[in-house]
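Protein chains: 2
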Amino acid sequence: MSDAPATAGRRARGGGGAARRAERTAVSIETAKYIERNIPNYEVLTEEALQVIEANAETVLAEIGINFVDNPEGLARWKAAGAQVDGERVRIPRGLARKLCATAPSEYTQHARNPARNVVVGGKNLVLAPVYGPPFVRDVDGGRRYATMADFEKFVKLAYMSKWLHHSGGTVCEPTDVPVNKRHLDMLLAHMIYSDKPFMGSVTEPSRAQDSIEMCEILFGKEFVQENTVMTSLININSPLTFDSIMMGALEVFAANNQASIISPFIVGGAMAPVSVAGTLTQVLAEVMAGVAYSQIIRPGSPVIMGTFVTSIDMNSGAPTFGTPEASHITYGAGQLARRLGLPYRSAGAFCGSKLPDAQAAYESANSLNMGLLSGVNFMLHSCGWLEGGLVASFEKFVMDADQLGVMHHFARGVDMSENGQAMGAIAEVGPGGHYLGCEHTQANFKSAFWRSDLFDYKPFETWDEEGARDTQILAKARVAKMLDTYQQPPLDPEIEARLRAYVAEKKASMPDAFT
Amino acid sequence: MSDAPATAGRRARGGGGAARRAERTAVSIETAKYIERNIPNYEVLTEEALQVIEANAETVLAEIGINFVDNPEGLARWKAAGAQVDGERVRIPRGLARKLCATAPSEYTQHARNPARNVVVGGKNLVLAPVYGPPFVRDVDGGRRYATMADFEKFVKLAYMSKWLHHSGGTVCEPTDVPVNKRHLDMLLAHMIYSDKPFMGSVTEPSRAQDSIEMCEILFGKEFVQENTVMTSLININSPLTFDSIMMGALEVFAANNQASIISPFIVGGAMAPVSVAGTLTQVLAEVMAGVAYSQIIRPGSPVIMGTFVTSIDMNSGAPTFGTPEASHITYGAGQLARRLGLPYRSAGAFCGSKLPDAQAAYESANSLNMGLLSGVNFMLHSCGWLEGGLVASFEKFVMDADQLGVMHHFARGVDMSENGQAMGAIAEVGPGGHYLGCEHTQANFKSAFWRSDLFDYKPFETWDEEGARDTQILAKARVAKMLDTYQQPPLDPEIEARLRAYVAEKKASMPDAFT
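Those sequence lines, one after another, are chains A and B.
Counted from 1, the first sequence has number 238 at position 238 by the working numbering; the numbering is strictly sequential.
Counted from 1, the second sequence has number 358 at position 358 by the working numbering; the numbering is strictly sequential.
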């Protein structure tokens, strides 16, 4: 399988003549390759601080332990692996969790149905995926409202068309008009049909994780799925130190099938973890080590990501706060801990607490995105579209954030120190008091020299004013409309599509609707 | 003189009984101490790359040289220092400029009339100053219009009241209703009277630099000014490689009087410097070394800052662009070069190209502010209020940016690794499945644990909606109004104020108005 997206051929897997015919008529969508950093990481913690946190995390696991809830088989597995089990409490002797983590790969390839969109998660790489989980959507004209499946499909299309997004994500919004026990089927189908980028599986029930596997077997072929990773799914830990049976059940299904999971403490600081950075990092590390160790007990070598979702809290109101310095400290520190564990790292995103895609949203999001890039994050969920603390997926903010992801791509390239980059000839040619616009070096390089936004306003004041003095939100609204207007479905073998639709229809018919 | 602002006493210098009386009735304004970083810098360039750029800069100075325009005395000084002078072209033998730079101090104290507001520029410190230079102002209600002296005074008051700003700045906007040849007097008077924070001198004519010195002699005492630095002023270099007589004349006045100057190439990439990062850094370093060397020829040991103002350019429209990855590369790289030169470093700011304080403005500004903090900037001009590529000083953006500067203060504190920071007791107390909000550690630490915005919306959706669904700009408008309503002038000896006013009146009467 190719590890070189954006250059490899774009033939849909399992495609026959119909797929090739579909491909010939399709518009080619430009997607940048995942970011391969040519820049250093920023490290906020000293070696000594890291050792203290690592020692403290071992103490937490050994002396306090974790709870494995409603999961007798899991408890038995822990006992067999050498942990001390007391009721639902699992105490892990010093060193055991880290030793178990050692079989987890430091990087893995997640395959897409279009091999050109495969991503390699880990190392110096950064894979960008959209927002996950909001029950509401917002746009300028419609305001804030419950999300529907129609909204979901629009976000999948926008993600597919966004140049700087490498991943289609998972629950880009909650399609609240579809029964809870069936919506995962429609969501997976949308990712598979409307996009050819990699995607995430369902985690809300172990059986839905199993459905995700089965749909992937239709899309990729049964054998291919067993031999390769085709999903990266989000397993949240119930912090502090609690692993519930639903999330662990989903993890068990994915690990057993060699599919990747993000083991991710979900922490509002001061509520689910101590109110201090070092204390939070200690708990995060303990939780991740326990979760990753468990995945390796299920199937050694199954791919897994160290996740960290942390927000600070406004102690006046209890509201989670985003883009804050404490969240940055934690994100940088957790990146260092992940690298020392030898695991890919998931954190950061275009986080904000604002109700609107306004200046507050952008300050907070930019703070979060910048720290994500420099902290060595390998998989960034929520990299676009997140609004109002994750309650809302915003159409306008989706394209605003997605545009900013281009800044990260260009920054990560590092500085060109070639002879052309040094430009000594240009400095000599132009000389004191001269002008570079016309010089040969500028002419040869200007097209690729500077990143430019595809969204922001760069017009002269008078032009901008005459055109209606539009702010970013209004520019973004126009961009969303244009993208959805010009969307074209990526080619997929009609037979595969028919089998996927049949699977979904059959599953839906097999059970009554449930809305809780 | 105290180097410990925010703790030292607040008696105005030279104050008698009247000053003490004024002080007793004044409202105390809380200003944070300048940032003392307890975090590492981010370094984007390798040692090898730095050496290449440094060698190339020496080549530029030795082989291409710089132009010293309309300045025969300056040319004579260069010749005497060992440079090769040919017409207005000055070629500086390899190593000479760096050697001359060696007498410049790596840090210096700029004194404020309130010693509690003194700042130490250099080392790990970061001093924040507001926007400089815009001919226009903007606010929500009044829109965009030419700036006046009334606007100028408002900005000085806002800067004085902004907790995270350490410096009153200089031309916070251009008071276009005052004659060009007299406005520096009103601007200096406003900084001296309406604020007690440190400020900048006038550079638009050597005679105006001299006026700045003389007004400082009234404010601080003549002897004090000769023995201490009481102004940091902005000397822009006419890139590429050109030093005009006005800026050099001002530099000569300030250096001779031991007052600090920022030697700052002003570069729109691809126009005033090569279109590449390494080429731009080479030219910036050459220009700064020549300017700093010249300041040390004038008076060895006079304080000076390595400045770097660089924007990228939108090659489609020719517009300067902000918050871009290439500007970040240059800012990080120039920081490394400044530290190797042993000079304080000025760069970054809340830069943006947007016409409004909207999401574009905030993304771009946050990118710039974050890179400024992590690149080791010591003096950050434009840290709040900048809009529309610097053409506009925005009242709302001033308080938005000023609020975000709090994020930088808290991030720079680094991670608390004390026993309290480690919080092992809290993790043990709460245990798996517990809740931290009520625990002892949280109760003891919550007030100072997390930075919170004084401006942003953290309210529940319903409350926010009922209160008018205000965006950041509208919240900022209310904050501006409230600050200006509650402003109180910091105490100043009435006799000093009267002498300053007399000086300004006399100077103004001594010459006819000029508007160019």
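Rather than coming from a laboratory, the hints here were simulated on the basis of the structure.
There could be a bad hint or two in this list.
Repeated chains share a single entry, so a pair holds when one copy, or any two copies, can fit it.
Using 20 Å as the maximum straight-line C-alpha spacing, the simulated SDA-like pairs for lysine to any residue come out as follows [said to hold, decoys possible]:
| hint | residue 1 | residue 2 |
| --- | --- | --- |
| 1 | K157 | D416 |
| 2 | K124 | E43 |
| 3 | K79 | L391 |
| 4 | K482 | Q443 |
| 5 | K99 | S245 |
| 6 | K99 | R299 |
| 7 | K222 | G95 |
| 8 | K459 | Q226 |
| 9 | K508 | L391 |
| 10 | K33 | A55 |
Going through the hints against the structure:
1. Within a single copy, K157 and D416 get their C-alpha atoms no closer than 35 Å, and across copies no closer than 44 Å, so neither meets the 20 Å cut-off.
2. Within a single copy, K124 and E43 get their C-alpha atoms as close as 14 Å, and across copies as close as 17 Å, so both meet the 20 Å cut-off.
3. For the identical chains of this complex, K79 and L391 are neighbours neither inside a copy (39 Å) nor across copies (68 Å), given an alpha-carbon limit of 20 Å.
4. In this homomeric assembly, K482 and Q443 never come within 20 Å of each other (Cα to Cα): the closest approach is 32 Å inside a single copy and 51 Å across copies.
5. In the homo-oligomer, the alpha carbons of K99 and S245 never lie at most 20 Å apart, since the shortest distance is 24 Å inside one protomer and 69 Å across protomers.
6. In the homo-oligomer, the alpha carbons of K99 and R299 lie at most 20 Å apart inside one protomer (14 Å), although the nearest pairing across protomers, at 64 Å, exceeds that limit.
7. Taking the shortest Cα distances, K222 and G95 never come within 20 Å of each other, neither inside one copy (37 Å) nor across copies (68 Å).
8. For a Cα distance limit of 20 Å, the shortest separation of K459 from Q226 qualifies neither inside one copy, at 53 Å, nor across copies, at 48 Å.
9. Proximity of K508 and L391 under a CA criterion of 20 Å is satisfied in neither setting, with 27 Å inside one chain copy and 60 Å between copies.
10. In this assembly of identical chains, K33 and A55 lie within 20 Å of each other by CA distance neither inside one copy nor across copies; the values are 38 Å within and 35 Å between.
Consistency note: the structure conflicts with the earlier hints numbered 1, 3, 4, 5, 7, 8, 9 and 10.
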